[in-house]
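Student: Each chain, letter by letter, is given below.
Protein chains: 2
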Amino acid sequence: MEIPVLKNILEANDTIARMNRKTIINRGITMVNIIGSPGAGKSSLILKTVKELSSPTGVIEGDISSDIDARMMAENNIPVIQINTGGACHLDANMIRNALEAFSFSNGILFIENVGNLVCPAEFEVGEDFKVALCSVTEGDDKPYKYPLVFSKARVVILNKVDLLPYIDFDRKNFYQGVRALNPEAAVFEVSAKTGQGMREWSQWLDRYHKKGLS
Amino acid sequence: MEIPVLKNILEANDTIARMNRKTIINRGITMVNIIGSPGAGKSSLILKTVKELSSPTGVIEGDISSDIDARMMAENNIPVIQINTGGACHLDANMIRNALEAFSFSNGILFIENVGNLVCPAEFEVGEDFKVALCSVTEGDDKPYKYPLVFSKARVVILNKVDLLPYIDFDRKNFYQGVRALNPEAAVFEVSAKTGQGMREWSQWLDRYHKKGLS
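So the sequence lines, in the order shown, correspond to chains A and B. Counting in my numbering, the first sequence runs from 1 upward without gaps. Counting in my numbering, the second sequence runs from 1 upward without gaps.
Just so you know, these hints were derived from the structure itself, not from any lab. Glycine included, each C-beta is placed from N, C-alpha and C at the ideal position. Keep in mind that a hint or two might mislead.
To spell it out: a stretch of chain B is covered by chain A in this simulated footprint if at least three of its residues, at any positions, have a beta carbon under 8 Å from a beta carbon of chain A; those stretches are [stated by the list, open to error]:
1. 32 to 39
2. 58 to 66
3. 110 to 121
4. 140 to 150
5. 177 to 187
Build the full structure now, drawing on both the sequences and the hints.
Tutor: The structure is reproduced here in structure tokens:
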């Protein structure tokens, strides 16, 4: 007798992701799932993006055990809810379901800051509008080749920390070739969340995406 | 009736890890499991360390699908074997068992370059002598607080890319406090695999560790 355990787990996740999808549509939310390595700059990107956006914003913070980033969001008066995964390396649809139930946010852009991990979070649909693959230039230009899943699933690719380009070796052409081979359609933005470079272009794109969804 | 599936998986992994341990002792190998985020500089660290070491060296390369790093090792005449995990976010003991069987390396230091991921690889013993937690200054000083498991399990913590410190905000005190709270005993090295800074100190420590194991 075959017992398809893993298959059932993934099906359960996708069932709940579809429920989340209905919830955010009903509540006028654009949900953006930000996936990147530890230190890629997920929190900094969210903080700077929020300042540029005209739409209301909220954040679901995913962390293994800390609440460092959630406190930073709260200090900046951004509505935030914390999910501690207790060791788990990604957020799943059920965690987001619980967060959506506990968090009264509606009519705006809701960022999910996933657990810092370029691999596992890409495997779990959570009902989001789209995924952002975030990586920084200091991680190197070969990331699309080594971690293809997140780059192939992302609607948006953001290359962060471009202010450090003068100090490192980064082959932009190699990076873009890797992204395009996996994902010809993704919108790609080069930004520095630190200096603000490129933040307006990405934020305006996101504002437009949200408002189109509302219309 | 309770079916403890996950427990059995971990027990199987630990059983094979113990077999690997016997194998490397018999073959005079010091096996060093290097764990770090995508782009932390695992490959660069190995390449530079090999040049400093007096002991013979080999590498087991763990990647989801590419062989970019393994080719780089081979071009530098370092004996190497590639493990492609086919999507899996970490190396487990059985993958290392297969690599040890297929790879004739003995009497030297064998580096495992784990899949780029600061979370999941820390959960899997593979029979190594010790784990290295590798992170770069560009990832930020809060990594020990956010990803505690790997820092608590590591015998060695390496802080890479210190050549970029002048261009970023990095609170060294906060980093060290985080490391020490989790792991008072770990050896900590600050290096730049790019400029070579600090590489000799770490490499000499590793040479000594290997030679002591042999005596």
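Student: So, for every hint listed, does it hold in this structure?
Tutor: We went through each hint and held it up to the structure:
For the segment 32 to 39 of chain B, the assignment as covered by chain A holds, since 3 residues bring a beta-carbon within under 8 Å of that chain's beta-carbons and 3 suffice. Here's how the segment 58 to 66 of chain B fares: 4 of its residues keep a CB closer than 8 Å to some CB of chain A, so the rule of at least three is met and the hint holds. With 6 residues having a Cβ less than 8 Å from any Cβ of chain A, the segment 110 to 121 of chain B passes the three-residue criterion, so the hint holds. Here the segment 140 to 150 of chain B counts 8 residues with a CB under 8 Å from a CB of chain A, which clears the bar of 3, and the coverage holds.
For the segment 177 to 187 of chain B, the assignment as covered by chain A is violated, since 0 residues bring a beta-carbon within under 8 Å of that chain's beta-carbons and 3 are needed.
In this structure, only the earlier hint numbered 5 is contradicted, and the remaining ones agree with it.
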